[in-house]
Amino acid sequence: MYFELTPEDEAFKNEVRGFLAEALPEDIASKVRLGKHLGKEDHQRWQQILAKKGWYAANWPQDYGGPGWSVVQKHIFEEEAAAAGAPRLVSFGVNMVAPVIMQFGTQEQKDYYLPRILSGEDWWCQGYSEPGAGSDLAAVKTRAVREGDFYVVDGQKTWTTLGQYANKIFCLVRTDPQAKPQQGITFLLIDMDSPGVSIRPILTLDGEHEVNEVFFDSVRVPVANRVGEENKGWTCAKYLLTHERTGQAGVGISKAALAHLKQVAGREMKNGKPLIEDPLFRLRLAEVEIQLLAVEISTLRILAAVEGGGAPGAESSILKIKGSEIRQAISQLLRQALGANALPFLQDQIDPDFTGEYRYTDYAAAAASQYFNLRKLSIYGGSNEVQKNIIAKMILEL
Amino acid sequence: MYFELTPEDEAFKNEVRGFLAEALPEDIASKVRLGKHLGKEDHQRWQQILAKKGWYAANWPQDYGGPGWSVVQKHIFEEEAAAAGAPRLVSFGVNMVAPVIMQFGTQEQKDYYLPRILSGEDWWCQGYSEPGAGSDLAAVKTRAVREGDFYVVDGQKTWTTLGQYANKIFCLVRTDPQAKPQQGITFLLIDMDSPGVSIRPILTLDGEHEVNEVFFDSVRVPVANRVGEENKGWTCAKYLLTHERTGQAGVGISKAALAHLKQVAGREMKNGKPLIEDPLFRLRLAEVEIQLLAVEISTLRILAAVEGGGAPGAESSILKIKGSEIRQAISQLLRQALGANALPFLQDQIDPDFTGEYRYTDYAAAAASQYFNLRKLSIYGGSNEVQKNIIAKMILEL
Amino acid sequence: MDFNLTEEQQMLQDMLSRLVRDHYSFEKRMSHYASQEGYSTAFWQQLAEQGLTGVPIDEAYGGFGGGGVENMLLMKELGRGLCLEPVLASQIFAAGLLQQLGNKEQKEKILPLVASGELKLAAALTETNSHYSLQHVACRARQQGDTWFLSGQKSVVVGGASADLLLVSARTAGEQGDPEGISLFLVEPWAKGVTRNAYPCIDGPRACDLLLDEVMVGRGGVLGKPGQVFTTLQYQQERAAAAACAEALGSMEEAFTLTLDYLKTRQQFGQPIGKFQALQHRMADMRGELELATSMTLLAASLADHPPSDERSRKLAASRFIITRAARFIAEQAIQLHGGIGMTWEYALAHHAKRLVMLSHHLGDEDTHLQRFADLLKAS
Amino acid sequence: MDFNLTEEQQMLQDMLSRLVRDHYSFEKRMSHYASQEGYSTAFWQQLAEQGLTGVPIDEAYGGFGGGGVENMLLMKELGRGLCLEPVLASQIFAAGLLQQLGNKEQKEKILPLVASGELKLAAALTETNSHYSLQHVACRARQQGDTWFLSGQKSVVVGGASADLLLVSARTAGEQGDPEGISLFLVEPWAKGVTRNAYPCIDGPRACDLLLDEVMVGRGGVLGKPGQVFTTLQYQQERAAAAACAEALGSMEEAFTLTLDYLKTRQQFGQPIGKFQALQHRMADMRGELELATSMTLLAASLADHPPSDERSRKLAASRFIITRAARFIAEQAIQLHGGIGMTWEYALAHHAKRLVMLSHHLGDEDTHLQRFADLLKAS
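Those protein sequences? They're chains A, B, C and D, same order as listed. Numbered continuously in full-length UniProt numbering, the first sequence closes out at residue 398. Numbered continuously in full-length UniProt numbering, the second sequence closes out at residue 398. Numbered continuously in full-length UniProt numbering, the third sequence closes out at residue 380. Numbered continuously in full-length UniProt numbering, the fourth sequence closes out at residue 380.
Don't read these hints as lab results, they were simulated from the structure. Any given hint could be a false lead.
Label-pair distances were calculated between CB atoms; the ranges are [said to hold, decoys possible]:
#1 A:Arg143 <-> B:Lys393: 33 to 41 Å
#2 D:Ala173 <-> C:Glu180: 39 to 47 Å
#3 C:Pro272 <-> A:Asp193: 45 to 53 Å
#4 B:Lys393 <-> C:Ala60: 49 to 57 Å
#5 B:Arg88 <-> C:Asn4: 28 to 36 Å
#6 D:Asp22 <-> B:Tyr239: 48 to 56 Å
#7 A:Thr6 <-> B:Lys393: 43 to 51 Å
#8 D:Glu346 <-> C:Pro308: 54 to 62 Å
#9 B:Leu241 <-> D:Glu37: 28 to 36 Å
If you're wondering where the values come from, they're calculated on a predicted model, not measured in any experiment. The C-beta atom is built at its ideal place from N, Cα and C for all residues, glycine as well.
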């Protein structure tokens with residue numbers, strides 16, 4: 001038993017570091033570190049740099065154009081990328097719909113969609129949640145009625161993250177209203193520019209436009225855009241949810257955030273001394289850093305089990321809960337570190353293209369907004385309450 | 001609005017203090033302060049001192065021999081008594097069965113039982129819980145079958161606190177097995193020396209004999225010992241539970257325990273300085289003291305509402321939860337303050353009649369035992385989980 | 001011991017409650033937020049007309065002469081409505097300073113205008129590096145004859161954007177961090193050398209930064225004894241903190257009610273989510289925190305006007321700790337129990353949550369208050 | 001990165017697991033507890049016969065030569081069985097000190113007897129006022145020619161009651177609190193001037209206090225360089241703490257399993273109480289803590305034998321913090337979820353709970369470890 005990397009993994013890590021140092025645009029990294037928003041262009045630029053290197057679709061099998069990394073290598077990449085300030089990849093295409101298409105799609109679907117995801121030609125968004133179906137996904141009401149070679153789709157999706165940038169949406173729709181909730185659901189791929197699709201922004205409490213409502217008004221979707229069988233969409237949904245949960249602990253991101261927090265605490269003053277020397281604040285830092293270390297080791301253990309051929313079980317629910325709590329705790333401490341300087345709400349200073357002078361410091365501008373924005377971590381992707389239900393049911397068999 | 005006592009209450013407080021200073025035996029107070037066990041004799045001695053002064057049955061109406069105190073006076077007495085190290089009264093007789101008898105009993109029952117409680121002639125214990133009926137009291141199985149002027153009782157009670165000292169037990173028994181759980185229950189008063197009653201000690205994790213199992217094997221109980229109607233015992237039970245919950249916050253006891261903790265922290269050393277000067281331990285103390293202050297004010301608010309004619313509602317469940325958490329937190333800090341000196345388990349040094357030399361100090365002997373013993377606070381009298389159910393149902397109407 | 005309101009206090013509460021309910025719906029609040037001033041001048045006018053801007057001001061100067069309890073009633077209802085008007089900053093905090101430090105002439109000149117709502121004040125005491133401490137003052141005032149020249153910066157002056165007159169702390173002696181040597185000056189925001197940068201705070205109210213460059217203040221603009229005002233600033237900050245507890249309490253009550261209603265109506269898995277025991281227990285926990293916060297708000301109100309003492313400071317720190325902790329817990333849990341909807345700009349809850357969390361950034365956070373209580377801990 | 005056990009380690013684990021399961025039922029454990037020695041001499045014999053008392057001892061002295069991982073496997077299974085034998089105190093802690101500080105002669109004379117289980121050691125390092133610090137040594141040793149005279153007291157020496165040889169720290173220079181000037185001596189418990197008062201600890205094992213009155217120790221009884229042993233004591237205490245993490249983990253797993261079983265069988269309100277969502281979520285929380293504790297136990301095991309460094313100390317403090325916190329949380333919640341039955345002497349759970357809570361009193365509590373981590377916090 002040893003926790004060190006093998007020489008090969010160590011070499012890989014150096015390679016990744018070298019690449020990031022060279023290829024990651026500093027303007028993007030700076031926005032990430034400061035918790036500012038990223039524009040569509042920022043995301044696409046970084047994706048294309050990665051794609052060119054062959055590292056964009058890290059989770060894809062080599063046959064489909066993935067780099068063929070081991071689980072540990074993927075982890076190393078994620079951690080190094082986060083430490084360097086690389087944006088977290090928008091996962092809807094590359095890491096959500098792609099695995100579903102690979103697993104359940106037709107050859108035509110694979111041939112058509114996967115290269116377009118790799119190239120960045122398509123930007124996908126997710127059509128899962130509805131106003132009446134949040135944690136209870138099986139309650140989707142958006143209807144799809146078969147008419148010849150088309151489904152006619154009517155209904156509404158919500159919380160569609162970055163839908164404003166997307167040209168494609170994958171949806172759970174109800175094709176059999178008589179069936180039991182989890183049956184009668186179908187998985188459809190829909191063009192966002194189909195007639196009858198409209199989108200409305202939802203502003204979040206930090207004043208940000210990150211999520212949307214998407215409306216379907218008699219939208220005609222070719223039957224060829226169905227993934228898997230009719231009424232068997234729940235299988236795809238479950239498969240995707242498992243994929244989504246893995247890696248949600250966000251250890252790399254939290255480590256980068258903690259490093260940033262310490263830097264800030266080294267600059268902010270309290271009682272005439274840097275805050276990081278304040279005994280109580282130091283204890284707060286210590287507590288969160290210890291927790292993060294424990295989650296990191298736990299993540300490595302699960303990865304090692306997966307590498308050894310095991311499947312990530314409901315343990316990933318534990319990591320999702322702990323990981324989100326830690327990220328939220330770090331964002332809380334960052335906000336706290338800034339004292340009254342966390343209050344000013346100057347949205348232009350968080351904008352992707354802000355180049356002016358900061359009211360106080362660059363790192364203060366987004367701190368409070370980000371704290372509020374990150375409340376989503378314990379809500380989306382299956383709320384922490386739902387994760388606990390999963391643990392109770394799947395691990396504990398209660 | 002003011003938080004100060006009226007001059008009358010201030011005078012009463014001084015009277016109580018004076019009385020306690022004079023009348024409370026120091027050997028008893030010392031045991032209480034050190035968290036040691038009290039013997040039956042200790043309890044009885046103190047009860048008789050109070051009874052002589054007319055202060056034993058503080059909650060009784062004056063007609064029955066109570067002192068006629070206001071709600072605030074009762075609170076003052078409880079707080080001062082706790083501060084002085086008076087034992088908490090064993091409530092089964094004076095504060096549990098007595099109110100039930102006053103409310104639901106016949107004149108004969110009142111005439112017979114109440115004076116015997118006042119005089120200390122009877123020591124009551126409680127026959128509520130059963131092995132299969134803990135939080136779910138309505139599940140009691142102990143059967144009582146009517147035979148002429150008697151009920152024949154068969155079954156088992158458990159967690160009977162200080163049953164080993166008792167000559168009487170009040171019981172919930174099932175008289176109608178066909179009825180719904182909460183119906184078909186009857187409230188009986190039983191002589192512990194009736195043929196067929198036997199008692200078996202339950203040792204708790206701190207090695208202590210505080211609770212018991214009580215067995216009933218064809219015990220004949222006169223119908224005259226029934227309180228209220230047959231099959232209407234649940235009414236008595238509910239009435240009693242409400243009475244039990246009030247004052248369970250134990251503010252006075254916690255204040256005395258906190259004062260003791262601070263004294264100990266002033267004597268225990270860490271890094272060559274008194275522990276109370278250790279910045280981190282000080283924060284722990286501060287946090288619990290602040291909480292206690294908040295619970296104290298909350299208690300006063302509820303008392304004032306009761307004084308004003310209101311009834312203590314489900315708010316008392318909140319105080320029960322918070323109060324038990326605080327007492328447990330103080331016992332945790334006391335244990336923590338002692339470092340390795342909390343480890344030795346020298347039961348004789350906790351005994352009511354120990355007079356020898358302590359291994360280390362008098363206050364160290366019982367600290368860990370008491371911490372474990374006090375786990376009961378969040379379990380008995382309706383577990384904290386049950387209290388939360390009550391809050392959700394009664395206050396929040398969920 | 002008496003927790004009842006007097007008849008007069010009860011009337012005050014009812015009046016406020018009605019005013020806020022009738023004129024400060026969430027929709028209106030958001031349009032006030034987006035307005036030029038960042039609050040409702042009309043509502044301010046209404047408060048003034050009903051004498052409510054005068055609640056905290058001495059009767060001698062045309063006010064209602066209210067104390068801690070009246071300020072509590074005032075702020076609790078304003079908190080419930082998420083009202084944006086600078087009542088706490090101007091009428092309670094800054095006017096209170098003036099009442100305590102001003103001479104007869106200063107008070108007679110200024111306070112009646114404040115009480116009537118015609119003139120708004122703001123206390124500019126903090127700087128970017130002061131982290132809730134009033135003694136870390138780097139801004140300096142230099143005396144030349146009868147005139148003082150102020151230079152430096154003041155940071156996140158809440159209510160400063162709309163203030164007509166500023167109370168600015170500056171160092172006239174000693175080194176940064178010394179409690180001695182701090183003085184307080186009356187500064188007109190449009191005086192020469194004053195630059196005011198205004199902005200909204202993330203929890204709603206407007207604030208500003210001040211840049212002071214050799215700003216001249218005459219003899220009549222010196223409040224209190226030069227170099228000796230620190231303890232009064234501290235005392236008054238505690239008074240304001242007591243009132244801020246009440247504002248938070250009003251907001252907490254509203255956030256709690258919104259959440260409770262949501263749990264009763266929102267259906268998931270075939271039933272109202274309020275039927276799930278885990279959520280019920282969470283609500284019970286929140287209700288418990290609310291109970292403690294209510295108690296400590298009352299305590300703070302009753303102590304606010306007591307003469308300065310360690311005991312008062314200790315209990316006010318305790319109150320503030322309980323309230324900031326409860327506020328954050330309730331805010332975070334209210335969002336969590338709502339799910340995504342709790343995070344939307346369009347919904348009142350999200351703004352209550354922001355206010356409740358950011359409360360800790362105004363007059364000291366949880367750790368500040370916990371540390372202060374620990375410092376003042378009595379050994380027995 | 002590899003979390004797998006070697007074949008040899010797997011065998012060791014299986015052997016231990018079987019031994020504990022077969023010979024250490026809860027009933028037997030309680031009779032061992034009540035016995036004269038306070039543990040099972042027969043079980044000790046079995047451990048010795050299977051070479052398990054030698055696991056932590058170097059091969060050169062007849063041991064198995066196990067490191068952090070082997071010690072982890074050993075202690076985890078013993079923890080699961082709540083075993084009372086002084087394996088940690090004697091074979092890991094004290095023998096490890098001897099291995100590090102002893103000279104060739106001392107080691108050759110003593111360690112083979114320890115490995116074979118014939119001789120038990122105990123490290124007497126703490127005093128009533130030391131509060132987990134090894135540098136607060138008041139006990140003194142005075143040199144006269146080749147002989148040292150020890151006087152003072154040692155407190156709560158776990159395993160000291162059954163030890164045949166004691167390793168006693170005493171001050172040979174400096175003042176109480178100095179890390180310099182501490183020396184370590186071999187003391188026979190029946191030597192002249194030694195008074196040993198033995199008692200059980202509330203979590204099971206026996207301990208003793210030592211009174212030393214001019215106890216003579218010859219040259220051969222000095223371990224390491226006089227006055228210079230503090231860093232080794234510290235290092236070795238951290239090694240022992242890593243092993244203690246594993247013991248706690250075994251006990252936690254057992255307490256968790258007992259609770260889970262109980263939730264599935266105990267009926268209240270017409271269903272198994274494990275159907276109540278609030279309790280399900282509590283169990284999920286406990287499972288989460290167990291997961292983190294497992295990870296940190298592995299980390300501690302892997303670091304235990306690393307050369308001394310701030311990084312090692314930091315991570316061992318982190319491990320210890322996570323484990324003591326998880327242990328207390330699981331203990332308290334396991335009792336709570338059981339209700340009254342969880343508090344009874346007759347039921348294994350209660351004894352696991354005591355062990356888990358009191359664990360923090362052996363080698364430093366949560367706050368000690370948190371503070372140590374904070375002291376060693378890296379600024380970036």
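Here is what the structure says about each hint:
no.: 1; hint: A:Arg143 <-> B:Lys393: 33 to 41 Å; verdict: holds (38 Å)
no.: 2; hint: D:Ala173 <-> C:Glu180: 39 to 47 Å; verdict: holds (46 Å)
no.: 3; hint: C:Pro272 <-> A:Asp193: 45 to 53 Å; verdict: violated (39 Å)
no.: 4; hint: B:Lys393 <-> C:Ala60: 49 to 57 Å; verdict: holds (53 Å)
no.: 5; hint: B:Arg88 <-> C:Asn4: 28 to 36 Å; verdict: holds (31 Å)
no.: 6; hint: D:Asp22 <-> B:Tyr239: 48 to 56 Å; verdict: holds (54 Å)
no.: 7; hint: A:Thr6 <-> B:Lys393: 43 to 51 Å; verdict: violated (58 Å)
no.: 8; hint: D:Glu346 <-> C:Pro308: 54 to 62 Å; verdict: holds (58 Å)
no.: 9; hint: B:Leu241 <-> D:Glu37: 28 to 36 Å; verdict: violated (48 Å)
Violated hints, in rising order: 3, 7, 9; the structure is consistent with all others.
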